[in-house]
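**Student:** Spelled out from the first residue to the last, the chains are:
There are 2 protein chains.
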Amino acid sequence: MSEIKATNITWHEGEVSRDERFKHLNQKGCVMWFTGLSGSGKSTLACAVESALVNLGKHCYRLDGDNIRHGLNKNLGFSAADREENIRRIGEVAKLFADAGIITLTSFISPYTKDRDLARQLCEKDGLKFIEIYMNTPLDVAEARDPKGLYKKARAGEIKGFTGIDDPYEAPEKAEIVCMTAEMSLDDEVKLCINYLDENGLLSA
Amino acid sequence: MSEIKATNITWHEGEVSRDERFKHLNQKGCVMWFTGLSGSGKSTLACAVESALVNLGKHCYRLDGDNIRHGLNKNLGFSAADREENIRRIGEVAKLFADAGIITLTSFISPYTKDRDLARQLCEKDGLKFIEIYMNTPLDVAEARDPKGLYKKARAGEIKGFTGIDDPYEAPEKAEIVCMTAEMSLDDEVKLCINYLDENGLLSA
Numbered sequence: 002m003s004e005i006k007a008t009n010i011t012w013h014e015g016e017v018s019r020d021e022r023f024k025h026l027n028q029k030g031c032v033m034w035f036t037g038l039s040g041s042g043k044s045t046l047a048c049a050v051e052s053a054l055v056n057l058g059k060h061c062y063r064l065d066g067d068n069i070r071h072g073l074n075k076n077l078g079f080s081a082a083d084r085e086e087n088i089r090r091i092g093e094v095a096k097l098f099a100d101a102g103i104i105t106l107t108s109f110i111s112p113y114t115k116d117r118d119l120a121r122q123l124c125e126k127d128g129l130k131f132i133e134i135y136m137n138t139p140l141d142v143a144e145a146r147d148p149k150g151l152y153k154k155a156r157a158g159e160i161k162g163f164t165g166i167d168d169p170y171e172a173p174e175k176a177e178i179v180c181m182t183a184e185m186s187l188d189d190e191v192k193l194c195i196n197y198l199d200e201n202g203l204l205s206a
Numbered sequence: 002m003s004e005i006k007a008t009n010i011t012w013h014e015g016e017v018s019r020d021e022r023f024k025h026l027n028q029k030g031c032v033m034w035f036t037g038l039s040g041s042g043k044s045t046l047a048c049a050v051e052s053a054l055v056n057l058g059k060h061c062y063r064l065d066g067d068n069i070r071h072g073l074n075k076n077l078g079f080s081a082a083d084r085e086e087n088i089r090r091i092g093e094v095a096k097l098f099a100d101a102g103i104i105t106l107t108s109f110i111s112p113y114t115k116d117r118d119l120a121r122q123l124c125e126k127d128g129l130k131f132i133e134i135y136m137n138t139p140l141d142v143a144e145a146r147d148p149k150g151l152y153k154k155a156r157a158g159e160i161k162g163f164t165g166i167d168d169p170y171e172a173p174e175k176a177e178i179v180c181m182t183a184e185m186s187l188d189d190e191v192k193l194c195i196n197y198l199d200e201n202g203l204l205s206a
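These protein sequences, in sequence, are chains A and B.
Counting from 2, one number per residue, gives the positions in the first sequence under the working numbering.
Counting from 2, one number per residue, gives the positions in the second sequence under the working numbering.
Just chain A, with the same shape it has in the complex (with noise of 0.2 Å):
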């Protein structure tokens, strides 16, 4: 098992930085911020995203409902002032993931123009690249997909301030990508996204 000898063991003192980190891999560090209405296609795109990401030899991370809601932000509830404490806390990890050289994916409704904007502050006068990704979904499609049965229950009135139904969904002014997913494939989103970060040097350190 151990390959390395003392003799490889070399150190500098003070702090790796950032742009070492980017050239080590190759790539630079980025928030992709995946939004839209639930059933929108948010969390398909980014898995592929990520997926294509990775066959060009790049390091990505997700940060969705999955790992974030039973972890980080468990102890938050369905409030405003959770749900916006929510918001910023993801924006905040996506910022140290981005920071550390990961091209970073987030796939959350995040329907406030506020704390979507928030989110891209941390991550830009940081220096780092915020890529807002605007599923453009009418949502007489996305609640016909609903592939969790969510608006059905809302329209039922289980759930309360669900976001279309009786809850705004804030639609982005200048999101850097915008996938018309009722007339796009999925794969055209892809290659849009693919290359968006191609273009803006970030698949090269």
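Since the hints were made in silico from the structure, they are not lab data.
Be careful, since some hints might not be right.
Remember, identical chains collapse to one label, so a pair may be satisfied in a single copy or spanning two.
PhoX-like, lysine-lysine: derived pairs with alpha carbons at most 20 Å apart [to be verified]:
id: 1; residue 1: K24; residue 2: K59
id: 2; residue 1: K175; residue 2: K115
id: 3; residue 1: K59; residue 2: K192
id: 4; residue 1: K192; residue 2: K6
id: 5; residue 1: K115; residue 2: K130
id: 6; residue 1: K192; residue 2: K149
id: 7; residue 1: K75; residue 2: K153
Computed from a predicted structure; not experimentally measured.
Starting from the structure of chain A, add chain B where the hints point.
**Tutor:** Frame of chain A; chain B shown alone:
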């Protein structure tokens, strides 16, 4: 800038697995949790270990007061509940980094056994290696160093609840690595940490 041809973009459905991430980086994500008094040398050693790992071609990230207290945990104070939540969030984030494949170094006093054990359990129950590194420094040695002048302030009563002065430090009883910092050189401490990772198969995947 654009080097990616659309024909090179391939992807598969489903999630990229932890194993794929580990293989891609040729290492196993894990958490190296440095604990000890203020002035015990946690951050100095964590920086040196990070540097040594980068020289070995490994990918790391350090979580410390600088990038956590002013970001993710900026809405926490120093009450008992807030200190516990501080360490809980750090544990959750460190787990996410380890899951992403990163050798994650955390450098916080983390004085209470209960909180450190919670961080350990978060990792271990998810199949991730948690390595507690106890910087065993006598209080008088740490206080004589006093690199930030904090002991002086605590003795003067200007800081309340300071670990080692008027708040306890609960020493780990089963730390994976113990650094007797008053007797060991920094170089020996670095080698102890790197050899531990190597012998436990964490530097390959």
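**Student:** The structure should be examined with respect to each hint, and the outcome stated for every one.
**Tutor:** Verification of the hints:
1. K24 - K59: Classified as both; 12 Å inside a copy, 12 Å across copies.
2. K175 - K115: Answer is within; shortest intra-copy Cα gap is 13 Å, inter-copy 46 Å.
3. K59 - K192: For K59 and K192, the Cα distance is within 20 Å only inside one copy (15 Å; across copies 30 Å).
4. K192 - K6: Classified as between; 10 Å across copies, 44 Å inside a copy.
5. K115 - K130: The answer is within: 18 Å in one copy meets 20 Å, while 38 Å across copies does not.
6. K192 - K149: Intra 27 Å, inter 51 Å, cutoff 20 Å: neither.
7. K75 - K153: For K75 and K153, the Cα distance exceeds 20 Å both inside one copy (25 Å) and across copies (39 Å).
The earlier numbered hints that this structure contradicts are 6, 7.
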